[in-house]
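**Student:** Below, each chain spelled out in residue letters.
2 protein chains.
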Amino acid sequence: MDVTSAPAAAPTLGEASAPGRLAGPDEGIGAAELALAARNHGLPLEALRYDTTPPGLHYVLVHYDIPVVPAADAGEWRLGLGGLVRRPLRLGLAELRARPAVTHRVTLECAGNGRARLSPRPVSQPWLVEAVGTADWTGVPLAALLAEAGPADGAVEAVFTGADHGVERGTEQDYRRSLPLGHAADPARGVLVAYAMNGAPLPPQHGYPLRLVVPGWYGMASVKWLRDITVTGTPFTGFQQAVAYRYRQAPGEPGDPVDVIAPRALMVPPGFPDFMSRVRVVRPGPVPLTGRAWSGHGPVVRVRVSADGERTWRDAEVTADPGHPWAWSAWGASWTAAPGRHLLTVRATDATGRTQPLTAPWNRGGFGNNLVQRVEVLCVP
Amino acid sequence: MDVTSAPAAAPTLGEASAPGRLAGPDEGIGAAELALAARNHGLPLEALRYDTTPPGLHYVLVHYDIPVVPAADAGEWRLGLGGLVRRPLRLGLAELRARPAVTHRVTLECAGNGRARLSPRPVSQPWLVEAVGTADWTGVPLAALLAEAGPADGAVEAVFTGADHGVERGTEQDYRRSLPLGHAADPARGVLVAYAMNGAPLPPQHGYPLRLVVPGWYGMASVKWLRDITVTGTPFTGFQQAVAYRYRQAPGEPGDPVDVIAPRALMVPPGFPDFMSRVRVVRPGPVPLTGRAWSGHGPVVRVRVSADGERTWRDAEVTADPGHPWAWSAWGASWTAAPGRHLLTVRATDATGRTQPLTAPWNRGGFGNNLVQRVEVLCVP
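Residue numbers (my numbering), protein chains in the order written: chain A, 1 to 381; chain B, 382 to 762.
Everything labelled a hint here was simulated from the structure, so no lab data went into it.
Cβ atoms here follow ideal geometry from the backbone N, Cα and C, with glycine treated the same way.
The following label-pair restraints were derived from C-beta to C-beta distances:
(1) A:82 x B:734: 57 to 67 Å
(2) B:561 x A:25: 46 to 56 Å
(3) A:99 x B:757: 41 to 51 Å
(4) A:97 x B:395: 49 to 59 Å
(5) A:359 x B:561: 49 to 59 Å
(6) A:19 x B:623: 47 to 57 Å
(7) A:72 x B:483: 26 to 36 Å
(8) B:669 x A:251: 31 to 41 Å
(9) A:334 x B:483: 42 to 52 Å
(10) B:692 x A:25: 39 to 49 Å
(11) B:634 x A:357: 45 to 55 Å
(12) A:26 x B:690: 26 to 36 Å
So here's chain A without its partners, still in its complex pose (with noise of 0.2 Å):
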């Protein structure tokens, strides 16, 4: 042993972490962000048929590791209500299903969907179109959680924190963030914590047992395997919040906060599928096409499709259904195939009139990439 050597520096945790980092120039995935999409999964296009996506084909994102609950353990889990309330709770899940329960048909989309078709792309998990999934989630609305535990004067926000935990851009932490307290409490904004998923106790990977659901925000509101919910007088500054999920340009930049879901539609791909190169295959004639539109900011009111590369449009019908109004709408059009390879399209219009961009909106992190839906079609005689 060479005793001259001197000993190495313990490592710090700042080691696990990589810098956030933009992909090269034609840089394929790599091994960090194939790790993520082989363990995360979006829906399988064709199960946009489904009003309600089954168990196992909504899109998961799990930053850590999925916390394991055993149905035993279930029944001790608690969720702390505390912080700036007149009445601190501390409640286990029978005396949550004790309470009202209420059902909301929600699509849930994440933020970082259409992250892998940037240029250049943030490396993180990579996305084409397929991060979204809508389910009937049932439990106890937020906001009589909070009348029940009553804010004091000066409350602002409502801090959430899930059991899973980890390590990001070299931060150790519990997954948290927050909402301001006039959203988490109003009840029209119909935030649930949630117990149920389709009328079965969540899945695992779903929060299991209990996971907050926040209509028309993208996912990481959501906050999986939810243990606490403390009320603050300052907004809360955690790294999910301040560092991460934040529209930037350059990396210096405070940012604008990702919250609200853009408009999107999506087809279920028509014909079928090559293996390895995904293109659709139909045959000559009539082909109806359908799928799902949706937006946090308010009703999709128009779809339309393009069966040229976006030379010319027609209007798809939409078929809003308004005892769901935090779900996705069908849309159907109907579209003659001729032999030929051909470029089908579809775009969205909400209520407030954004529309789905031809170009890729850019940001740093990847979010909100809600850019037009194009699948490549080959029909064959």
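Start from chain A and add chain B according to the hints.
**Tutor:** Same frame as chain A, but now just chain B:
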């Protein structure tokens, strides 16, 4: 219009498919591979903790689209069993459910698991190590159905056809695979026509309403959305049997069939992860290591763990469950972490003496790569 221009030739199916190829040196995962990775998914490795994999966490590999079979239509679903049999059958779900049911706990793994760790990388679904899952499958023994139908003289194989339809390397096809009749009709091999997974109807992506489950073989044999079984007098030479799923070193070779699952051990990555790098962080002191191990050739009899980059190995404790011969076994070991970077490796050996390799076994399709799992861990004071 230029009347001298010749009409474009009608496209052919072949244009939907790119030729099979190997990725170039340092070529990252491309758009088509990413499209597959975004819709198919592996088991998040922390879910190795469950004896049976909860819905939505079991690996999924779908060649084409998930066929749409509404619950109302499942009652109309018919499984044909014909060809070289004396009494052809045509059975609905109710008739299958009325027969004696058996439940087998089976570990299924994709034959392409490990493909993305090969160099050069065959371009296809880019699995790392996670394409596995274990479920309790309930259904009717295939052997019982074949006995009922009565194979005629000269019968040699049973060919299974699914409802999933697509094109692959220019060949339009329903997904179809065969088994030798001696395997299919042998009650001891445990092949099932399954209608339930973990006690519930099959999820759409796992074959609703009916699928084959072939214990001990890679997943390509377990045909989903099963609608026909045809007993034949000659070996099946369809695409998925004779073209895909062969071990080949060069494109022209006939290759050896991909069939029985090679041994593999996986560990629950210890500690907690960095979101992006997936590096694991642990604190100094005792760290329990746990995981699962399996082989289609026989029980796993030995699992060894290395915590020093494969210089030294220790035996883990393996807990076999004789009641579930086709399911993975749990293993456990303890490790005392000291500050620094560590490479953990786990390696399984089965009762036939087959051991996981320390260098990846390469073939052109990227099948059966059961290279040992390596987990990078940072121990931070």
